[in-house]
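Please model the entire structure based on the sequences and the hints provided.
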Amino acid sequence: MIRVVLPHHLRVLAGVGKEVLLCVDGQPTQRLLLDELERAYPTLRGTLRDPSTHRRRAFVRFFACEEDLSNQPPDEPLPEAVAAGREPLHVVGAIAGG
Amino acid sequence: MTKVRVLVGTQKGGFVLSSDGRRRDWDVAGPLFGGWEVYHMAASPADPDRLYASQSTGWFGQVVQRSDDGGSTWQPVGNEFVYEGGTGTHQWYDGSPHPWEFARVWHLEASASDPDSVLAGVEDAALFRSSDGGATWSEVSALRTHESGPRWQPGAGGMAVHTVLVDPADPDRMHVAISAAGVFRTADGGSTWQPANNGLRSEFLPEPEADVGHCVHRIARHPSRPDVLFMQKHWDVMRSDDGGGTWREVSGDLPSDFGFPIAVHAHEPDTVYVVPITSDSEHYPPEGRLRVYRSRSGGVEWEPLGDGLPTVDCYVNVLREAMAIDDLDPCGVYFGTTGGQVYASADSGDHWATAAAHLPRVLSVEVQTLP
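Protein sequence lines correspond, in order, to chains A and B.
When you number the first sequence by the numbering used here, it's gap-free, plus one each residue, and the end is 1053.
When you number the second sequence by the numbering used here, it's gap-free, plus one each residue, and the end is 639.
Treat each hint with caution, since some may be false.
Here chain B is said to cover these stretches of chain A; the calculated rule only asks that three of the stretch's residues, wherever they fall, bring their Cβ under 8 Å from a Cβ of chain B [to be verified]: (1) 961–973; (2) 983–993; (3) 1037–1044.
With the C-beta cut set under 8 Å, the calculated list includes, among others, these residues of chain A facing chain B [stated by the list, open to error]: (4) P1006; (5) V1015; (6) A1019.
Read the hints as simulated data drawn from the structure, not as lab findings.
All values derive from a computational prediction rather than experimental measurement.
By construction, the Cβ of each residue, glycine as well, lies at the ideal position given by its N, Cα and C atoms.
This is the structure we're talking about:
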């Protein structure tokens, strides 16, 4: 299971705790993980990425394993530690967003 | 016993103020959607328990919330606002072409007859419609694709459809106001739109009396007289007696004709309220003294209403969506400030009292009267 840590406002919106567990078929990528997140929690659709273009919102960042993955190509494999569930993917609101 | 519910949208959440028909003592509930900007909360005239709210943030975009129980519980509904067809460009702040980009919902206008039917005025300026309680939205695209669209430009707050007036006798007849494009009207439910800005003059335009480009801050009317419109423009308070065909200035003896909201009395179609603000860059009341001005003659002659409002050292603003009027007799008048106060008058503006203080910056105020 892949662990995703959500920021406060999205936890409230989705009605979940700090961390959600998701299962992605095949090689996990950012795109597949976000697809699964939105499928499991439809109220999050449109909050992380544009619902039409799937482009990441400018003030949303993705961190994992002490690296900023925000600008990695969405079809690139996630780090092995994230795919294996040892490390979570952190969804973070950028400092400038509020 | 009659109850009054005031829906207050603020920069950091929504609040619901409740009172009885006397409108003296207020219960403040909230924040709803804490931490999110709530540009507008709107109630369905057809079902007072059906409420809609627009919440957004710079981080996570737009969410539309719906309540079916008068605000006790809420559920997120649809948040997909997709412009129909090619988006084209409007003018950017520097005058260069800029593609239309959806930012947020500024205004929700619930149908008078169907609780599931609601219009949304959005930034970048466009009109959307939902007929399923907000679950899905489709654009009324003829407005945005009007041939003048490339000449529209953002005001200081963005480029948005912020006012939607639907004729209560004929819902196919609508007026919308856009900053900074002006007023547009339709008589066919939104299939075609015409600019309705004849008589407006804006010195910031290269052609001051152009057909579009005016920064209209708010328009209002009494439901019994759909062709009589009142406008608070960037500068100037205006009036039209022919449904927006022509406008004339009725600023008269106001201390400043700059301001944002304008509202019409519930039972007196020629009684109008504005809140004068010093200037386009000094967004606070003249002399640091907060006063509503009321005209009982449809404009030109105005009287200050300040009993109960701050008389010194007041430097707040009142935004365009932040004034509302209930339909009790005498009607109540409500407005919220950028300093987080909500003021209420239970006697048509003669006397004022604080209904809530210390809220976040107030973006919008709506009111419901409940049986």
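Minimum Cβ distance from P1006 (chain A) to chain B below 8 Å? Given a least distance of 5 Å, the restraint on P1006 (chain A) holds.
Would you check whether A1019 (chain A) satisfies its interface hint, that is, whether its CB is within less than 8 Å of any CB in chain B? violated (19 Å)
Restraint satisfaction for V1015 (chain A) [CB to CB of chain B, less than 8 Å]: holds (6 Å)
Are there three or more residues in the stretch 1037–1044 of chain A whose C-beta lies within less than 8 Å of some C-beta in chain B? Coverage by chain B is violated here, the residue count being 0 at a Cβ distance below 8 Å.
Under a C-beta cut-off of less than 8 Å, do 3 or more residues of the stretch 961–973 of chain A approach chain B closely enough to confirm the stated coverage? holds (count 5)
Counting residues of the stretch 983–993 of chain A with a beta carbon closer than 8 Å to any beta carbon of chain B, are there 3 or more? This one is violated; 0 residues, fewer than the three required, reach chain B with a Cβ under 8 Å.
Of the numbered hints stated above, those contradicted by the structure are hints 2, 3, 6, listed in ascending order.
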